[in-house]
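Following the hints, complete the assembly by docking chain B onto the known chain A.
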Amino acid sequence: MTQPQTTTSQLPPSASPVTRFLRATELDTRLLGMVGALVAIWVGFHLVGYLNNGFGAFLTPRNLWNLSVQTSSIGIMACGMVLVIVTRHIDLSVGSMLGFTAMIMGLLQVEILPQFIGLGNPAIWVITCIVGMAMGTLIGAFQGALIAYGRIPAFIVTLGGLLVWRGAAFLVARGRTISPVDANFALLGGGPYGSVGEIGSWIVGILACVGILWMLIHGRAQRHKFEFPLRPMWAEVLLGVLGCGIAIGAVLLVNAYPWPRGIVNQYVAANDITLPEGGTLFISHGFAIPVLILLAVGIAMTFIMTRTRFGRYVFAIGGNPDAALLAGIDVKWMTVKIFALMGFLTGLSAVVASARLNSATNALGTLDELYVIAAAVIGGTSLAGGIGTIYGAILGAFVMQSLQTGMVLIGFDAALQNIVVGTVLVLAVYIDTLYRAKSK
Amino acid sequence: MKNPNTGTPLVELRDISISFGGIKAVDHVTVDLHPGEVVGLLGHNGAGKSTLIKCLSGAYQADAGEIFINGEKVTIENPRDARAYNVETIYQTLALADNLDAASNLFLGRELVSPLGFVDDARMEAETRKIMARLNPNFRKFNVPVSALSGGQRQSVAIARAVYFNAKILIMDEPTAALGPQETQMVAELIQELKSTGLGIFLIEHDIHAVMDLCDRAVVMKNGQRVGCVNVGEVTDEDILGMIILGKKPPQAY
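Which chain is which? The protein sequence lines are A and B, in order. Residue numbering for the first sequence follows this note's numbering, starting at 1 and increasing by one per position. Residue numbering for the second sequence follows this note's numbering, starting at 1 and increasing by one per position.
Bound-form chain A, shown alone:
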């Protein structure tokens, strides 16, 4: 009887343990590299803070929780930017689009809807979100149509968009700041009330574990059915333990960050609870809602990119637009759809960003396009097209945000922060180029 083939069975016996490990687990070396970079940034800032101020502020539940919330807005848009860049386009307008849609949503929920359905009506946030996302989708589709059918380069169309939508945001509100937003809407931006709490976080964590295990088991069954090489059992177990470990670790982390005392007192007063003798209540934040939105977007987009025809065509167009056309793919219509999706995610991101700020300001989203593009590129999306992953872009967004947060924590000058971020971007792409050249 023959041994079933495994992913390591074709390796020569001389292969190093590292090669063996990577081949067995089928982990992406790029992914490991990015996680390594992220850990290095985190530990580095923590140590620097510890040495300079005698207190490392980075690796605390509070900071990491905030980091996760701050990453959400950029991360959501970065998921869409992956598709845009993979198909050899670029979108420079997302920051301005975010500002414009946020402003429209601000006006709608603060000045228009309350007149008709009353202040505090629970439908306000729903209508506002739908309008905001629909608006983003339409703007994206319009720009996509100009690119695909008007044959204007994406760089130019979206550069125009960058100016147009920023100006439009100013015009519709005459430069005012619209605040405060609807109370329900504000929950979508996070904060103590905009988080799912201890039990909610455990539910999310357990669902994640179940999902990871199901994927591993189902994947193995599929491979078995079609007689493809299997991962060795130890590698499967390791991946399962690792995945579930990360999920549970994240839950423990967000649950370790309690509500601030002021909010607890407010909550206690409002709900008529008696505080325990002399102490205060420990109420966990749990996952913030914007982080869960990012998680959902990440999963949905990964699914779209890897499991649907749409995603397959995105990669095909990026790899060889002529081949895609000859294979009967409607490349122009695909371009419209891709930019519409980018617009939809920008609208969603505008919800998160303005809810977090509890206002719509004229400057909201300024320079976001560059952070979003940087996140996608640091995450391994190739500007030459055809290559990119959603998880990479989200990790890239975390890297960018970690750098910024870390520099603020240790008191870097704002000018110096920009220098560091810019340098890291260039360096990351250079390393990526070297990596690709070597792995070819």
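Do not rely on the hints blindly, as some may be mistaken.
[Said to hold, decoys possible] EDC-like mimics (lysine to aspartate or glutamate), calculated; alpha carbons at most 16 Å apart, straight line:
hint	chain 1	residue 1	chain 2	residue 2
1	A	Lys225	B	Asp121
2	A	Lys225	B	Asp63
3	B	Lys168	B	Asp81
4	B	Lys195	B	Glu37
5	A	Lys225	B	Glu127
6	B	Lys249	B	Asp239
7	B	Lys130	A	Asp28
8	B	Lys73	B	Asp32
9	B	Lys168	B	Asp32
10	B	Lys141	B	Glu127
11	B	Lys24	B	Asp81
12	A	Lys438	A	Asp28
The hints are simulated quantities; they were obtained by calculation from the structure and are not laboratory data. These numbers come from a predicted model, not from an experiment.
Leaving out everything else, chain B in the frame of chain A:
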């Protein structure tokens, strides 16, 4: 001499013209193709062979002329239409997405999907393994992007794509241009095998020896016009070269 075939042709391109910016790339050309037949399309670079054939594969639309498949007039506006008539094309550039693996390329635009409508990568890979076992048994690189494949391996992916979907009419645009001798032999054998199953093949080819070996008839084009058609068995390679280079029609041509 005359066309030895009788009955309804599999394909007839009748009086096709197409021009780009005032240049007549194809000028009132008529060709036909019968089941089980290999028709060579010959001519210099720029003679209009590829352009003509792209009207059949859906990449271009002719300005004038008609296309008949099995005697019925058809309109082919895009590659999807062509595929619907079982016209498969192997392009000179192979038309592969370099960043995707063999299975994704083979099924590009015609992905196998699960009942829920999601792409079924496992089944596509299994099907690809099956067809490759027949066409190129040495092929092992199923899980890498096709950019990592050799010219011959890429060619076999392109051929597998045409064969898998039960082509009735196969267009091959210089299928052996990038190949070594052994792989060229493989393609030649494949052409014979496909021909014996009743396919009609249009073969665009520069190598005159390959034409003499593989084709039943040869149509020569020059400057967008049809010089003539010969039954390959009745002429020498000198005759055909004369048609290509000088546009001189031998007495056997029609």
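Quick rundown of the hints versus the structure:
1. A:Lys225 with B:Asp121: Holds, at roughly 13 Å.
2. A:Lys225 with B:Asp63: Roughly 51 Å between the alpha carbons, so the hint for lysine 225 of chain A and aspartate 63 of chain B is violated.
3. B:Lys168 with B:Asp81: Within the cut-off at roughly 14 Å; holds.
4. B:Lys195 with B:Glu37: Within the cut-off at roughly 6 Å; holds.
5. A:Lys225 with B:Glu127: Holds, at roughly 13 Å.
6. B:Lys249 with B:Asp239: Judged against 16 Å, a Cα distance of about 8 Å means the pair holds.
7. B:Lys130 with A:Asp28: 28 Å, violated
8. B:Lys73 with B:Asp32: 13 Å, holds
9. B:Lys168 with B:Asp32: 14 Å, holds
10. B:Lys141 with B:Glu127: 14 Å, holds
11. B:Lys24 with B:Asp81: 25 Å, violated
12. A:Lys438 with A:Asp28: The hint holds at about 15 Å.
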